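Undergrad: Each chain, letter by letter, is given below.
Number of protein chains: 2
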Amino acid sequence: MRGMMMQFPLTLTHILERGGHIFPAVEIASRLPLMADSCATPQSYSPAEFHRYTYREFYGRARQVTAALRRAGLRPGDRVGTLMWNHYAHLESYFGIPAAGGVTHTLNLRLHPDELTYIINHAEDRFLIVDDVLLPLLAQFRTNIKPERVIVVHHNPRAAGDDHEDYEDFIRGAGECAYAELDENDAAALCYTSGTTGKPKGVLYSHRALALHSLALCLADSFAISMNDTVLPAMSMFHANAWGVPFASIMAGSRLLLPSRYVDAESLLNLLEAEQVTFSGGVPTVWSAVAEMLERHPGRWKLRSEGVRIVIAGSACPESLIRRLDQHGIRIMQPWGLTETSPIATVSLLKPSMQRLDRDEQYRLRAHQGMPVPFVELRVIDDADRQCPWDGEAMGEVQVRGPWIAERYYQRPDEDEKWTADGWFRTGDVATINAEGFIHIVDRTKDLIKSGGEWISSVDVENAIVGHPAVREAAVIAVPHPKWAERPLAAIVLRDGARLDVENLRSFLLQRFAKWQLPDDFVVVDELPHTSTGKLLKTELRKRFAEWHWKAAAGN
Amino acid sequence: MRGMMMQFPLTLTHILERGGHIFPAVEIASRLPLMADSCATPQSYSPAEFHRYTYREFYGRARQVTAALRRAGLRPGDRVGTLMWNHYAHLESYFGIPAAGGVTHTLNLRLHPDELTYIINHAEDRFLIVDDVLLPLLAQFRTNIKPERVIVVHHNPRAAGDDHEDYEDFIRGAGECAYAELDENDAAALCYTSGTTGKPKGVLYSHRALALHSLALCLADSFAISMNDTVLPAMSMFHANAWGVPFASIMAGSRLLLPSRYVDAESLLNLLEAEQVTFSGGVPTVWSAVAEMLERHPGRWKLRSEGVRIVIAGSACPESLIRRLDQHGIRIMQPWGLTETSPIATVSLLKPSMQRLDRDEQYRLRAHQGMPVPFVELRVIDDADRQCPWDGEAMGEVQVRGPWIAERYYQRPDEDEKWTADGWFRTGDVATINAEGFIHIVDRTKDLIKSGGEWISSVDVENAIVGHPAVREAAVIAVPHPKWAERPLAAIVLRDGARLDVENLRSFLLQRFAKWQLPDDFVVVDELPHTSTGKLLKTELRKRFAEWHWKAAAGN
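Chain order of the listed sequences is A and B.
Sequential numbering of the first sequence, starting at 1, is according to our numbering.
Sequential numbering of the second sequence, starting at 1001, is according to our numbering.
Bear in mind the hints are in silico, worked out from the structure with no lab data behind them.
No experiment lies behind these values; they were computed from the predicted model shown.
Among the hints, erroneous ones may be present.
Straight-line C-alpha distance at most 20 Å; calculated SDA-like pairs for lysine to any residue [what the hints assert, rightly or not]: (1) B/Lys1483 - B/Glu1454; (2) A/Lys199 - A/Arg296; (3) A/Lys446 - A/Glu295; (4) B/Lys1418 - A/Met6; (5) A/Lys418 - B/Gln1007; (6) B/Lys1199 - B/Gly1534; (7) A/Lys418 - B/Met1006; (8) B/Lys1418 - B/Asn1434; (9) A/Lys199 - A/Gln64.
Some chain A residues judged to face chain B by a derived CB distance under 7 Å, without partners named [said to hold, decoys possible]: (10) Arg2; (11) Asn185; (12) Ala187; (13) Pro352; (14) Met354; (15) Arg356.
A virtual CB, placed ideally from N, CA and C, is assigned to each residue, including glycine.
Let the hints inform the model, and build the full structure from the sequences given.
TA: Encoded structure:
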């Protein structure tokens, strides 16, 4: 028997309507992406470099985008590519495109032009909306793609030779906005994951998934995004929709602060202070730079006395970073997820029973990835395809399912083996799970190190190494070894002016690890290779160190 | 184009699984409903009168209910009636019945036996689960209903002649629990509204509606129900599922405290203090008794220093009550809704801009019904069927729609006119709506008073009258009048030992109302008639005062 409740669809148009009508006076401020030569130092900024308007204006303009796209002949399901930084026009696309029945396809501007070409052609983007500052990037592959129209958001005076259609002209006088007839399962957004191997794969989000994910982010026991927040997304809007935070913020009626391209430590700290930010987030490297900056300049910034909530994800957040930022009132909460999970699947909030543990244990747990948010289910599966016990020790691959987890990649049947026969998504992340349902990601499946039959977590060792005062960043990889099959090797970037004392670092690590778990060698490098999303590119490192000649008596 | 996300259903079984696995150690404590003669005073209680267990045990037993019902031959969609107070066994029914594919039909034990007969027969309840203390009530109509089995929860020693099947026997050894194959739109619960006119009408909730409503209650800007809460539902589990709070609490992992039948002021205060309750709720009369008790016994109870959050609904909460309880650290938040809206449609949380207003204005707004929660949409429609402007002045009927709003009543096509042709539910509540999307309910459609062509809100006047120190409760009704068509009359219940000084009360009211808006006469009565859900029964009062002879020079 069916219940007798309204079939009211969960769509982004409801969120847009809500924002426009319930929170008309709330501010959305965007720092503009300016040409390099019109902005002396990225850290200093003037009020003129900001675009400020209210939800009422945002609502009207997002609807103009909808009307303009329909006038331009957008058909339901058409993809519209966006090549933009974090700002108001990108936010208008987030809502205006899906409201017209289209799919917002956010393009990762850090990818190689060949990859962007592949992605845009694979998605068959019919229209492109591009920041003027990114036209030089577009020029590198423009002849290899075939969008029907390219619309440019001009933040700067038009450059010589720029004869593109202007965004303001495109949306002006577009007439009455009529939303598309939407089913909640219709596609709303598309995001390609830039894995470390293989071609990028598209995740096609539905309205329903993004709407439910927005509710999940506003739960008291999750990000708790609220109308009382000033939200500063320092994660890119082209990375899993800035983790869904813009959708959730508009639903909650939060004041929004979009930093454009300026997420260096000094710019962020200036914004945190000047705008009294209450909630932000980003990848660990961004916030570790903030920690260093705060330590180098004690007292220079005065943040909110009530503290700032920060979510750090993208890669595991070292416990030492949580401790360092705590001292400045920046309280880190670590979620976990992937592009395929919209992305939030777990959060590392402490349960009341954990809040009574001693401080060290609390920090240890906060550096884990935590428990699933409502309606996400997870399981940990070992090599023999059995469920691992919830004992905090057995390791296996995390598999997830839920209403905002991808069911397949967009037009990539060759990747279907990423899903199990019974419908769970294989994340490729290896974790333990404890009796409280807390997962602790120890590695990517392919990055685990097997030394003499025993597994070593490269992530755990890396996070311990960056806890040493001399170290800025570290990568631990498996290197072939004649006796132990594989042994860990650490590549380390030092902090400015620091030098490496290997024996001191070893003693430091021995407080937490057995001797056999430590890297046999520590190599200082100038920088580590990263993917375009800021993750360590270990394939590259493994290639570089494949022929390493072990100096030490290995594995002793 | 459809998105490519998993078709993961939103069901109560997910919430049950989540509770059992992620929060196994959290406590659920229930005060037991004891026979009147084994419980000297309801206010005093001993540890023996409590049933305490963990989510792990609750989970196991709810699943035993599922298994037992399937063993008993429950078919998908079968209704199972529950005639119980607020306690663990009722909670097990909330989850165990829908997990078996059945529908939990909560029965309002305050109804007249004839009404219960009508409801049980209309719903065709196949099984009944009944508290032993309610067997005398059941006996009054048992021969008029035909459930296949009656299962009794024995909290007390079995009474002579009680040969009913025992709940513990029913669920014992029921074998492996297998959930029904559920679609999220399947029915999960049924609740009859006991309106002041006509036969009760059934609202048939789907899994999807209750799941989404649970997410809505856990939002930071709503009830914010959290794993950090100790939740005490002082609203009945047979009134719109205790406003959905038990479902939301299990999803969040809150500690739960179920008070059974003991919601008198002293019992509640004892629980608030002893169990360090953080969140509770109930109808205004319950909490106005708490306020009186706290005022009569200063310092007797020591509540949490961080305060207690209370949601008050069922009827409008007078501003004076919000002010009085604030002084004791009991912070009232007023939601609004009806059985047909699951029930939460709006909440009266202050926006940041409102938090900067002066205190009086803040209190005034907190006594309004507030703004819609996400995914609920509302509009205010005047007599001419036009949308009222959002100006805080124009009055009209509130109409709502959303994923947890009823689409029709269960098997009552004669009531279909409660929905508009374009799919909105007519709530029958008259309100204004301001530019911030805040509604202020001024009356039920049928309770508005039309004096000389002008509308007077009976609710506004009532709420002002109870702000007077001599008054416990008040009802304002329209009484026919030769000159003005209708004029307001107030029926008043005084506080213990107080006496009515009409002139003093008039001056008090003139601080907020025009003279013509005041009742012409004030009549002191011993008590006011109520519906079984605690709402004023104005039809009854109107009948009683229909022939009223106006003493005063009316409407002057």
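Undergrad: Evaluate each hint against the coordinates.
TA: Here's how the hints hold up against the structure:
1. B/Lys1483 - B/Glu1454: holds, 13 Å
2. A/Lys199 - A/Arg296: violated, 41 Å
3. A/Lys446 - A/Glu295: violated, 36 Å
4. B/Lys1418 - A/Met6: Roughly 13 Å separates the two Cα atoms, so the pair holds.
5. A/Lys418 - B/Gln1007: This hinted pair holds, its Cα atoms lying about 17 Å apart.
6. B/Lys1199 - B/Gly1534: With Cα atoms ~18 Å apart, B/Lys1199 and B/Gly1534 stay inside 20 Å; holds.
7. A/Lys418 - B/Met1006: Holds, at about 13 Å.
8. B/Lys1418 - B/Asn1434: violated, 25 Å
9. A/Lys199 - A/Gln64: Cα-Cα ~35 Å, so violated.
10. Arg2: holds, 5 Å
11. Asn185: The hint holds - A/Asn185 has a Cβ within 7 Å of chain B, the shortest such distance being about 5 Å.
12. Ala187: holds, 4 Å
13. Pro352: Because about 6 Å separates A/Pro352 from the closest Cβ in chain B, which is inside the 7 Å limit, the hint holds.
14. Met354: Given a least distance of 10 Å, the restraint on A/Met354 is violated.
15. Arg356: Since chain B brings no Cβ nearer than about 12 Å to A/Arg356, farther than 7 Å, the hint is violated.
Hints 2, 3, 8, 9, 14, 15 from the earlier list are contradicted by this structure; the remaining hints agree with it.
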